[in-house]
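Required output: the full structure, derived from the provided sequences and hints.
Residue numbers (this note's numbering), protein chains in the order written: chain A, -14 to 347; chain B, 10 to 304.
By construction, these hints were calculated from the structure, which means they are not laboratory data.
There are no misleading hints in this set.
Pairs of lysine-lysine, DSS-like flavour, derived with a Cα cap of 25 Å:
| no. | chain 1 | residue 1 | chain 2 | residue 2 |
| --- | --- | --- | --- | --- |
| 1 | A | Lys5 | B | Lys300 |
| 2 | B | Lys259 | B | Lys141 |
| 3 | A | Lys9 | B | Lys300 |
| 4 | B | Lys204 | B | Lys193 |
| 5 | B | Lys107 | B | Lys169 |
| 6 | A | Lys274 | B | Lys87 |
| 7 | A | Lys274 | B | Lys217 |
| 8 | A | Lys274 | B | Lys214 |
Since the model is a prediction, treat every value here as computed from it, not as a measurement.
Single-letter residue listing:
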Amino acid sequence: MLHRIKNWLEIRIGLNEIIKTQFKEYRVPRDINIFYTLGFVAMAAFIMQAVTGFFLLVYYVPHSNHAFRSVQTIMTTVPYGWLFRMMHVVGSNLMVAVVFIHLSSVFFMGSYKKPREMTWIAGWLMLLLVLTFCLSGYLLPWSQLSYWATTIVTTMPTAFPYFGDSAAYIMRGGEYVSGITLNRFFAIHVAFLPLLFVSILGVHIFLVRRIGISSPPFGENAEMEWTEYRHESHSDGVPFYPHFVFREIFMVMIFVAIMFFIIAFMPTLFLPEDANTPADPFRTPAHIKPEWYFLAPYQMLKLIPNKFLGVAMQIIIVAVFILWPFLDTKKERNILKRRLLLSAFLISVAVWIILAIWGRYS
Amino acid sequence: MRHINKYSARLFFVFLLSLLATFVFSSLEGAEKYKEIFEKEFLAEPWAGEQIEKSSCIECHASDIMKPEFRNIPDEWKTSWHYENRVSCHDCHGGDPKDAAMAMSPQRDFAGAPKYSDVPEFCGKCHIGILKNYLESGHGKALRSKGTGPNCVTCHGSHKIQKASIDIINEGLCSKCHSYERAKTMKQALFLTEKKIREIEKDIKELKAGGVFTEEKEKNLFSTHAEFRTLFHAVDVSMVKERTDGFTDKLNLLEDKIQNTLNELGFRKNFSAFLMFIFIGLGVGIFLLSKTYKS
Chain A
-14 MLHRIKNWLE IRIGLNEIIK TQFKEYRVPR DINIFYTLGF VAMAAFIMQA VTGFFLLVYY
46 VPHSNHAFRS VQTIMTTVPY GWLFRMMHVV GSNLMVAVVF IHLSSVFFMG SYKKPREMTW
106 IAGWLMLLLV LTFCLSGYLL PWSQLSYWAT TIVTTMPTAF PYFGDSAAYI MRGGEYVSGI
166 TLNRFFAIHV AFLPLLFVSI LGVHIFLVRR IGISSPPFGE NAEMEWTEYR HESHSDGVPF
226 YPHFVFREIF MVMIFVAIMF FIIAFMPTLF LPEDANTPAD PFRTPAHIKP EWYFLAPYQM
286 LKLIPNKFLG VAMQIIIVAV FILWPFLDTK KERNILKRRL LLSAFLISVA VWIILAIWGR
346 YS
Chain B
10 MRHINKYSAR LFFVFLLSLL ATFVFSSLEG AEKYKEIFEK EFLAEPWAGE QIEKSSCIEC
70 HASDIMKPEF RNIPDEWKTS WHYENRVSCH DCHGGDPKDA AMAMSPQRDF AGAPKYSDVP
130 EFCGKCHIGI LKNYLESGHG KALRSKGTGP NCVTCHGSHK IQKASIDIIN EGLCSKCHSY
190 ERAKTMKQAL FLTEKKIREI EKDIKELKAG GVFTEEKEKN LFSTHAEFRT LFHAVDVSMV
250 KERTDGFTDK LNLLEDKIQN TLNELGFRKN FSAFLMFIFI GLGVGIFLLS KTYKS
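Shown next, in the form of structure tokens:
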């Protein structure tokens, strides 16, 4: 049967040639490391989010009067609904972590440099989209945590003069977070963001395949000048399939195992008590905190004694990172040979971790 | 240093300077003013902490113009069970906390502090069942006939009211008016049911910590508990003993439901752990398979 399907496809689209050129003859550097698999892991995580999200969508009711109850129905009444929801919740957090590590490793290995500037920008746009996914999805359970965390985030645009209040008003659909906000976030979460994400993901994958995977900068590889387009073919490398594909699948298995470990042994890690209490616009919970990936910006905002300066600085920092390939034009890719850049990288990571921990416990 | 690109060096210094400026600026004395404005605008409203609706009752009672004996009332209330359950001044005393000028106007149903003998009706506006049983009890009858029997405040206090428990029945309190013997018999009759209620409360807490929405179970326990307390206020030992079985059955049913949910949590844990091991196994299998292609 499988053979007949393959044959059917071979006649019509030349399947064997696609497999040969795109998988077997497509080569990756011999000294490629495990960090190179994280892009694939992030993509697998996105697919898992889409699948589990679809099952949640079947039972979820996007209305402020019913949203919380419908989520509880998924957790208690729908057969294995709890599993899909927990996979969606834990998977989203792990996906953010994987994308963070992926971008950090790309930075560390200088893979953002010419000719891969567009790949880097597409990656950053996807990180921002993943965070927007998290933000919009966070409100949907209509719990105390989601309601007040969204109130915090939708207050941030008010830091800007002239258009800040209007921006917050448009996001919320009114003065306060309400059922209208829920509908807006729901529509963005399930219809707009997936389309945009898949489009940019397509561009990202196209660029990776078109240019070829970059070599790790730590070996003896001689860097070649990029004066015209060429595919970095790694003729002395190893075949993408099966060598690299197995490594990628292995890492996906590790990702899924970690996800089930958290669901089994730390089920409330991302769902504290306030995530389990219906939203009450008249009662602000004490010590409300954003999710871990927003803790560092949140703490920074608290430390900087002017809210416009705080929000503006964060936008500048993100802009600097996105445009980094154009700012760092030096050819040397090995960060270990660039002590100042290495220090900046390590300090940035350390500051981010310190701010996040500070934000969590302050 | 020859490896250092001049652009990245400049950017790095700008980055460091910005960070330094941010932290130095925030620690300057003059920045305090900005901090204050920032916190007021951005952290204090409406999501930075527990919000209490503006109340002229609290503002006035906490101010220096109030007589010292009334000044502690807001602080006492903030430690109370009423506060935790969002029962505010006007819920008992009437009036309009949002309008300082009319806060104590009879036109806004201001009742003020009740007379000693009116306290049961005052509290009974909400605690209806308890009022009925209390009025039929020896305590209520004594208050009605002589005006000297114990009222609600005698045992529960007023603004500092705590969550009631059978510990209220104690020798120190009861023997102020009569011997402790009869009260002790009552406490013994209540003990087992109260103990069960405590255990169920503990289980519900455990469920909550496990990420379960417990509203229905909490409501069920609350109504059973309230009904049981109502019964006690009749101060009739034989009646309590007679009806204890009914309460025990209700609590057992609730306990079964909680146990089922705890079992479900256990299943979820085991099932997720099983899936985890499956994927670890698959990972190991793929790793070993990849080794065969190493050459």
